[in-house]
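J.: Kindly produce the complete structure, drawing on both the sequences and the hints.
Heads up: the sequence shown begins at 41 in the numbering used here, then just goes up one per residue.
Simulated from the structure, these hints should not be mistaken for laboratory data. Treat the hints with caution; some may be incorrect.
To be verified - Here are the computed distance ranges between Cβ atoms for each label pair:
id, residue 1, residue 2, range
1, 254, 136, 56 to 64 Å
2, 178, 135, 25 to 33 Å
3, 179, 58, 39 to 47 Å
4, 136, 222, 40 to 48 Å
No experiment lies behind these values; they were computed from the predicted model shown. Ideal Cβ positions, reconstructed from N, Cα and C, are used throughout, including at glycine.
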Amino acid sequence: RFKWELRLSYPLFSIKEPNGRVIDLQESFAPRKPCHSTPILRLLFLLISIQVLCDDIYTYPRHNLWIYLGYLTHWGHVLTIFYFASSFVCSLLPHSFFHPSENIPAFLKWTWGLYALVAPLEFAITILYWGSGIAGHITYSSVMEHGVLGALVWTDGLFIGLVPVRAKQVWFLISVATLYLLWTLVDALLNIGNGEWGPAYNDDALYPILNWNKQTRAAAILSAVVELIVAPAIFYLCWMASLVSCKQEMIDVDKEANRCCCHGAGGSRLVCDGSRRPLYNANTDKIHQDTTTQEAFDYSEIDKGAMV
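T.: Pasting the structure below:
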């Protein structure tokens with residue numbers, strides 16, 4: 041699957057699985073759940089993320105607000121709000137918006153791309169914050185911004201919906217990582233600094249472990265490690281999480297729900313084959329083929345094979 045998704049001919053946003061079957065866009069991005077729970081939960085997540093931002097800004101030193109968006113944590117927080125807002129809007133869109141076609145609506149691509157970016161980005165921010173020794177005094181905002189919000193993003197993309205992350209979408213995360221590292225370099229070269237935090241913080245670097253002025257070589261090595269190893273590794277962990285399914289021998293699988301539900305006797309195991317992803321049923325669902333482009337989607341293989 042990994043090599044298949046990395047092919048040059050494979051679209052960045054494709055609804056076609058390796059076996060030729062088609063992702064159910066509505067069940068992936070705006071599943072119809074009892075009591076309208078999908079839009080309710082997503083609105084709750086959006087309001088929580090906005091409330092945390094308001095609380096963080098309110099408690100942030102007023103004289104340092106000018107550099108507030110200079111930190112990666114706050115980049116991730118703003119992008120998380122954008123994702124929750126887009127995800128919430130998706131849950132309100134009509135069924136016709138999600139018709140299966142390679143000509144995917146721009147707003148759906150925007151939401152899809154945001155999840156492929158924000159899910160690994162928030163995970164990376166959490167690991168770097170708590171694992172690199174830069175975590176300071178533990179507050180409500182620090183816990184929410186370095187763990188809880190990321191968990192909510194993963195909950196939305198893996199359990200409320202099931203966003204089909206594609207291997208090529210790693211470039212979203214690498215691009216943002218590159219932009220941020222370039223920003224830290226500009227901050228150092230122009231002596232913009234990190235604000236005024238008192239005598240205990242006499243270093244103008246945004247992050248002590250990324251000090252371009254005093255530890256140029258170490259900062260360059262760290263940047264290369266993040267770009268070439270850390271960012272791809274975290275992204276592909278997110279990619280694999282979107283593929284995880286629960287399989288059990290001698291079971292009855294509820295294919296209509298197409299969720300990780302195991303019934304009956306037998307041993308169960310987790311596999312990364314994407315079989316939990318909601319797919320269109322070729323026998324009952326009407327497929328709308330887009331014939332307006334030369335690369336019209338081929339639905340003739342929709343019944344072929346089992347999930348790779």
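J.: What hint numbers does the structure not satisfy?
T.: Structure breaks hint 2 only.
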